[in-house]
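Trainee: Protein chains in written order, with my numbering: chain Y, 1 to 361; chain Z, 1001 to 1200.
Note that these hints are calculated values from the structure, not bench results. Honestly, I wouldn't trust all of these hints.
Said to hold, decoys possible - Mimicking DSS-like on lysine-lysine, the simulated pairs with C-alpha atoms at most 30 Å apart in a straight line are:
(1) Y/K163 with Z/K1015
(2) Z/K1023 with Y/K101
(3) Z/K1138 with Z/K1198
(4) Y/K163 with Y/K90
(5) Y/K156 with Z/K1138
(6) Y/K87 with Z/K1016
(7) Y/K90 with Z/K1015
(8) Y/K171 with Z/K1158
(9) Y/K294 with Y/K152
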Amino acid sequence: MFINTISLSNYRGYKKADISFGKSVNFFVGNNGSGKTNLLESIYFLALAKSYKTVDTSTIKTDSEFARITAKITSDKDFSSKIVISKIGKKISINNKEIDKLSDYIGKIKVLAFLPEDMDLIKGAPKNRRYFIDMIIGQFDKNYLIELGNYKNVLKQRNELLKILSENHSKDFTLLDIYTEQLSTSAEIIINLRTRFITKINDELEQMYHYLSANGKKICFKYNPLIERDILIQLKEKYQKDIFFRTTSVGPHRDDYDFLIDDIYAKDFASQGEQRIIILAILLSIANIIIKEKKVKPILLLDDVFSELDYLRQNQLVKYLTTADLQSIITTTNIKDINNSFLNNSKIFSVKNHLIREDKI
Amino acid sequence: MTVPKTLEDLIEEFKKLPGVGRKTAERYAMFIINKYTIDEVHQFSEVLEDAKTKLHQCSVCGNLTDEDKCYICQDNFRDLSTILVVENAKDVFSIEKASEYKGLYHVLNGVVSPMDGMGPEDINLESLWKRVINDQVKEIIIATSSTPEGETTALYIKRVLQETDILVSRIGYGVPVGLNLEYADDLTLSKAIENRKKIS
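Given these sequences and hints, build the entire structure.
Mentor: This is the structure in structure tokens:
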């Protein structure tokens, strides 16, 4: 899948911008605050019909009534896509026909994004890792998100009930039994889907990490469910504890993931650059799974991806993207370290004060 | 303020009703002022007050009534061995309109949802247990909504009654009658397949 062109009107700092992308690597080079990330965000918005940073309306340029993103996409069939964002909402059209249901639209344009926030993935709170993985599994399997919604609903009810039971010192566990059984059924499905997905990532990850890191170390992405077997029994064993703490102490909502490099926890030693390589390796592994399972090549959005990467790793990444024939859109402050042979196959744009110009080499 | 205060007060009252916005509230208010006679206004306020003061829950089943017992509980020709459990009185009207069911009702006036401050003791369950013990009930049909809260409420009733020899059943869910299959959503279809029935 490729994005051929994009036109922005009144989007963030852009009054007007028309860009025609290359089918391989596209570099957007500019100083801080020049508008590189805003451009990347607009492609993300186009794919997921929402901003990853803020509320929709804040993408409208100051003093403007509406913002517009239009793009031409090449997939199995070519199509044009348009999103108009105004104070009263957003309108989405494909081939100039308005879409009624958002869920029919999302997923038409497959993007995978690396954002600076993702750097939290390795050393940050478990919540970030759960959210990241949940959203990705959700892209493959809509039922996963439905089940996750069920689980969260039952969890909320159960936690409220635990508060009531703790206040009343009640010994009637009939309702608690029901919520616990519902929770257990849902938990089992979620844990199985997560386990299966992490196994799939691991099948790709080792080779990908090896390539990007250019070292011989072994990586492992580990899913650590708090409870794996006999879920119902284990939940029931914790009744007294749960009532005392007024919250459900175990279950997929508390699960965590770990990254191990040569059997050592990455969160304990990995430098900024090493973390970046791990996250990129995961992202590109996911891209491979999408290609295999969905038979479509996703568009990669890589925001400020080169910082903290040394010369070798920067070029390994670009080399991979070029040979894998993945369209990627990369923002960076400079490309002086990138090998000329790669630059010749790429498109380079300079961004300055929200004006974009294509550089011919 | 361009609207006289008396009129504004009336508009504000109408606006409190569900589904009524500013424009509709204005239309209602103007209609009463322009088209109603003073007698009609008296009648309107009277029925409003009556509805609020005279209507209450049936002492047996919780249905809405202006007597001690609702007309269904008073009806001698109904099947006393079956009780159909619903969430609110509106559901009784709907099922009665279908005139298929001949048994009694029990109106819960809510569903179990701790999140919304509704525990089993906050809905009309105590009187259901009493009816089950004292009356000649053989079957309880649970017709709460097919929402997570409705399902949980149904399960709760089932659990409490599991020690008794009363038959507890749940109304069927599936494809609406007269509907072409292609218009049914995924979840409804999988429910319909799960709840399939042998053709007799």
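Trainee: To test your reading of the hints: which numbers does this structure violate?
Mentor: 1, 4, 5
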